[in-house]
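Asker: Protein sequence lines correspond, in order, to chains A and B.
Numbering (our numbering) for the first sequence: 1 to 96.
Numbering (our numbering) for the second sequence: 97 to 571.
In case anyone wonders, no lab produced these hints; they're calculated from the structure.
Note that the structure is predicted; figures quoted are calculated from it, not measured.
Among the clues, some could well be false.
Stated by the list, open to error - Capping the alpha-carbon separation at 30 angstroms, the derived lysine-lysine pairs in DSSO-like fashion look like this: (1) B/K387 to B/K370; (2) A/K15 to B/K127; (3) A/K15 to B/K121; (4) B/K387 to B/K316.
Claimed, not checked - Here are some, though not all, of the chain B residues that point toward chain A, as calculated from beta-carbon distances under 8 angstroms: (5) D109; (6) E111; (7) I112; (8) S114; (9) Y115; (10) I118; (11) A181; (12) V185; (13) K202; (14) P203; (15) G335.
Unchecked claim - Just some of the chain A residues that point at chain B, by a computed CB distance under 8 angstroms: (16) L5; (17) Y80; (18) H83.
Ideal placement from N, C-alpha and C gives every residue a C-beta, glycine not left out.
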Amino acid sequence: MLLVLVPSYLSRRSKDLVLVQDALLAGDFEAIRTIGHKLRGHAGTYGFDQLSIIGMDIESAAKLEDAVAVQRLMQLLKDYLEHVEIAPPSSERLSS
Amino acid sequence: MTLEHQILVIDDDIEIRSYMQIALKPFYRLKAVGDVAQALAELSDTTTKYDLVLSDIQLPGLSGLQLSEEMRVRGMTIPVIVMTAHGSVQAAVTAMKEGVFDYILKPINLDELKMSISRALHVQSLESENTILRQEVKRSWNVANIIGKSAAIRSVFDLLQRIAPTQANVLITGETGTGKEIFARALHNLSPRAAQPFVPINCSAIPAELLESELFGHTKGSFTGAHQDRKGLFEEAQGGTVFLDEIGDMEVSLQAKLLRVLQERKIKPVGGSKQRDIDVRVIAATHKDLKGAIREGRFREDLFYRLCVIPMELPALRQRKEDIPLLADYFFKKHVATHGLKVKGITPKAMEKLVEHSWEGNVRELENFIVRAAILCSEDWISDVNLPFIALTGNTDSSTSPNQFLDSHFSQNLTLRELEKRYINMILRKTGMRKEQTAQILGVDRKTLYRKEREFGLTAEADAQAVEETKHSLV
Numbered sequence: 001m002l003l004v005l006v007p008s009y010l011s012r013r014s015k016d017l018v019l020v021q022d023a024l025l026a027g028d029f030e031a032i033r034t035i036g037h038k039l040r041g042h043a044g045t046y047g048f049d050q051l052s053i054i055g056m057d058i059e060s061a062a063k064l065e066d067a068v069a070v071q072r073l074m075q076l077l078k079d080y081l082e083h084v085e086i087a088p089p090s091s092e093r094l095s096s
Numbered sequence: 097m098t099l100e101h102q103i104l105v106i107d108d109d110i111e112i113r114s115y116m117q118i119a120l121k122p123f124y125r126l127k128a129v130g131d132v133a134q135a136l137a138e139l140s141d142t143t144t145k146y147d148l149v150l151s152d153i154q155l156p157g158l159s160g161l162q163l164s165e166e167m168r169v170r171g172m173t174i175p176v177i178v179m180t181a182h183g184s185v186q187a188a189v190t191a192m193k194e195g196v197f198d199y200i201l202k203p204i205n206l207d208e209l210k211m212s213i214s215r216a217l218h219v220q221s222l223e224s225e226n227t228i229l230r231q232e233v234k235r236s237w238n239v240a241n242i243i244g245k246s247a248a249i250r251s252v253f254d255l256l257q258r259i260a261p262t263q264a265n266v267l268i269t270g271e272t273g274t275g276k277e278i279f280a281r282a283l284h285n286l287s288p289r290a291a292q293p294f295v296p297i298n299c300s301a302i303p304a305e306l307l308e309s310e311l312f313g314h315t316k317g318s319f320t321g322a323h324q325d326r327k328g329l330f331e332e333a334q335g336g337t338v339f340l341d342e343i344g345d346m347e348v349s350l351q352a353k354l355l356r357v358l359q360e361r362k363i364k365p366v367g368g369s370k371q372r373d374i375d376v377r378v379i380a381a382t383h384k385d386l387k388g389a390i391r392e393g394r395f396r397e398d399l400f401y402r403l404c405v406i407p408m409e410l411p412a413l414r415q416r417k418e419d420i421p422l423l424a425d426y427f428f429k430k431h432v433a434t435h436g437l438k439v440k441g442i443t444p445k446a447m448e449k450l451v452e453h454s455w456e457g458n459v460r461e462l463e464n465f466i467v468r469a470a471i472l473c474s475e476d477w478i479s480d481v482n483l484p485f486i487a488l489t490g491n492t493d494s495s496t497s498p499n500q501f502l503d504s505h506f507s508q509n510l511t512l513r514e515l516e517k518r519y520i521n522m523i524l525r526k527t528g529m530r531k532e533q534t535a536q537i538l539g540v541d542r543k544t545l546y547r548k549e550r551e552f553g554l555t556a557e558a559d560a561q562a563v564e565e566t567k568h569s570l571v
């Protein structure tokens, strides 16, 4: 049942990329931190553990106001979204 | 799994809200909001009853922990589970110490979440049940030492608790043995007059010529034998409550005097000329049909309405059969302790028989029966087997004729006085302690019967003693 949520969930992550890019241009590291924090929380909940780690790293880089690290993580996120494959769930928790 | 429980989810992350909506939908009814303000609005809305709150800790504005605190302040007892990222575990642990039911780490593991929710709802259900049972016990089973949980007695309890704090006069009606004086005492004890005296007067037990003096007092020399001034019971009860039992037996001439006292709140002692102010609440009781007595001219209508500001009708025991096991158990424990008996209890089958019995003498008859059953029981338990042999009332002793009684007592060479005492006692038990019927059978009036009862000490305790004596004489 939860699989129905996945396509729209992943498409909204592409929007996250745009939001992080805009925030980086504006120097708004607090907005970036919030996006990273939320990504960390909800990606793991949806079963995208690797995406959750990327979110955690974005949150950490934003706290340090490390624009280079944020840029690198954005690229990682983009690659992930382009290559992620959805496997059938092994339990009620989704897995990527 | 039913969808009987409603959960409120609070998370500012729409992804988490969407996830919860889908993941928990098969198990619970669910509403999801984004902040504490919306959550409090939802929780305050009485049209929806929430069973559980599932909240993120970090929220815009007030946090999930502040929501929990605000709920506590508002007296909301709904369990709260908080969701937190790894870094906020310490905050979650602190929150649990302050009353949050559980915490769930993000990323959320659905199995863990469902288990936590299930546990919280189970605990909440037990606590609610416990609260309801405690209230039920407090409200219904024992109000001012009156035992009962039936609908019939609960409605009387409700009335009792509503009217006790007022000053209104109360007329208690009900069959003999239903506990009219006990309810009158409860009305007094639950009233602001509780610290002042409760003075019961049995209008039927006091000769008419003495009743006026008993009620209102007398002055020295007002009649033969009045050697000194004496306060009446109304004055004795000053500030408290006067309980006029068997008001239906009061003579009409005295009814007029009582009416005046109730109207003017003043008494004039017999032989006196000065009136004295009194401040008493009057509770009256009767087993008689006062409206019938009014029609027949034996009771003043104006006094009736003065006394019957609030009528309280007590149900007969046969109208509250579900209370019989409670009452039987209560009386059993009370008298086993009083008499130091070894008998352990009443078997379920014996209890069934007690419930089936009609108890025309009501609670008083039941208590007397239990005393006798406990004292005469030679087994560990009062059972349906030994019940008939110890039963001295109702169906089981209806075959005992006066002749059989006399035959069985002649051989004991009893005095006439002892024989009289035992015979009156036997008839009282045969009639289930119904005074009017007993007096009829004995061929005396009720006043004589009351006098004999007092003279022979034929109260419940004395009755038990008499049974014990009988038991010894049978050994």
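Asker: Let me make sure I understand: some of the numbered hints might not hold for this structure. Which ones are they, in numerical order?
Answerer: 1, 4, 12, 15, 17 and 18
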